[in-house]
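All chains should be built: construct the whole structure from the sequences, respecting the hints.
If you want the building blocks of each chain, they are given just below.
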Amino acid sequence: MQTNAVIKLTDIHKIYRTGEVDVHAVRGVTLDILPGEFVAIMGSSGSGKSTLMNMIGCLDRPTGGNYFLDGIDVSTLDRDARAEIRNDKIGFVFQGFNLLSRTTAQENVEMPMLYNHRRIPSAEQKERAKKALEICGLGARADHKPNQLSGGQQQRVAIARALVNRPSLLLADEPTGNLDSQTSIEIMGVFQKLNEQGITIVMVTHELDVARYTKRMIILRDGKIRTDEQVADRLNAEAELKNLKQAQEAVKLA
Amino acid sequence: MRFFAPFKIAARALRRNKMRSLLTMLGIIIGVGSVIAAVSITTGATKQVEDKVASLGQNVVTVFSGSFNGGGMRGGWGSAPTLTVEDANAIKNEISGAVAVSPEVNDRMQVLANGLNWNTRVNGESPDFLQIRDWDLTSGAMFTDGDVRSLAKVVVIGKTVVDQLFVNQDPVGQTIIIRNIPFKIVGVLEPKGFNLFGQDQDDVTIVPYTSHMKRINKRTFVNSIMVQAASKETITQVQNDITTLMRDRHKSAEPDFTVRTQLELLQMATSQAKTMSLLLAMIASVSLIVGGIGIMNIMLVSVTERTREIGIRMAVGARGRDILIQFLIEAVTLSVVGGMIGIIFGMGAAWITAHFTGWPTLTPMLWIGIACISSAGIGIFSGFYPAWKASRLDPIEALRYE
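Sequences listed follow chains Y and E, in order. Per this note's numbering: the first sequence = residues 6 to 259. Per this note's numbering: the second sequence = residues 144 to 545.
If you are wondering where the hints come from, they were derived from the structure by calculation, not from laboratory data. Relax, there's no trap hidden among the hints.
20 Å max Cα-Cα, derived EDC-like pairs, lysine to aspartate or glutamate:
id : chain 1 : residue 1 : chain 2 : residue 2
1  : E       : Lys151    : Y       : Asp148
2  : E       : Lys151    : Y       : Glu129
3  : E       : Lys532    : Y       : Asp85
Predicted, not measured: the structure shown is a model, and the values here were computed from it.
Here it is in structure tokens:
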């Protein structure tokens, strides 16, 4: 049971040493996330959720504790090794989309494959990027550049980019933070669909509405886990969208 | 492992910023262009001087007789009667490096033909003369060693003499009167034009030196001896051998002769052109360095401006060295492509200069190679620091950068 956990954190600490004062951002987090889970990490600013996210994403190293990602101890890896792990096992989705400007959706999605330790033939790169875009519902807009796409579409490109190297974990940092409520629901729909296909998703958010689309909710406070429970009244994005549309229709009719 | 990926990444990055790429290249284009243009123009000038010197003959070593001093008057080189035909023969027989020898006697006199007359140089030479001076005939044939032995009354004449005395006629086979003696014209020299000193080389008539010394201007001494060395490399050796031999033969305490080589003349004539080209190349290199600094400047700005991009790339798995290589390839690509365009521009500028001023220009392959290598070097040099800086960025910080 424990060995096949995608994420296994044991007593994780992170202390920032900036000048005189040590900042103890994460104070002993122990957590298992199993394949197929859809987890929301919540907390107010300063709760340590971003720091935890960076460590889960192998962008940063914990100062104490152990972190096994897909069975590999990544808490001691150096910069280059962590870069390879990120490329291979983690797909990132950011609040600000973080696409390369003046670059087509297709090339944005191909980008992670260029850094893979394995040489992926050009034709396969194209094929995989196209497929990832199709999964995210953007197959027809592969040759559009970010400035020709709406926010929701840009985020779909970013999700496609995160998926293209077939990661074990999709990590989303406030993915709906820059989107309006309807588009947010659409994006959560994409995540729910991906999760149904077996992809493990960890999402950081501070919006309870958004967190209710996930399966499990973890709330952090002062660098510690405060609550960790299954989402009881889980929302279904498809149904919510339908409701929203009906509500809009009703407004128009009235 | 994935050799082409960094090139693909860099090419895409450059394509995203066409305008910036072009502006960055501009410095190198101008730098390389001006170096190539400067070198082309000065090389052309040097080549022209070298050609003029070469028109004096191939690997020529000349022995002049000493200065005639008498009654307080000093006559200058060639005026003393010290060199003989025997000296020339000795050089030919005893010095292995001397492949051709011609004893020379020079005079200036009035010649007549067709009822016209003309004052020209009348020189006595051996048949080796043509080989030494690297000179061809446009018609007829050179006189032979047999003609030299038999004091034949034969002559080859230059283009200017033909123009003055044989208007619209073929002079070969006709007769020209030198000092009341009729000489048969056996050949016409091909035109060579003016030499380095502004002398018309075609204004000349050449007879066998024996005929000159016995028939035209009776004397036993020659003015000079022209010797051809086997190659450029042996010129100095031949010069030394001749000096030794002549000292031995003349047994005089003070050397009564002097030996000059074409090499000295060449060095003298081209040293100025070389100084000029060095100066121009140095000035042009300054613009090349400025171009390199321009690349470094823009790459540095670009690293700051593209911090977020670097963060994204690192987040999806680019290692520090991937970023380093990307920026390095970008810099080298900019400088090498700029260098190539610069070479074309420089050659174009040289061509336009040649077209409008009539100066000969020549772009040496060597300098094209130097331009290519130095622009690649500038790319590596000026790209390395910005690339290194980019590769050291922290992905978390870079992603947060606005």
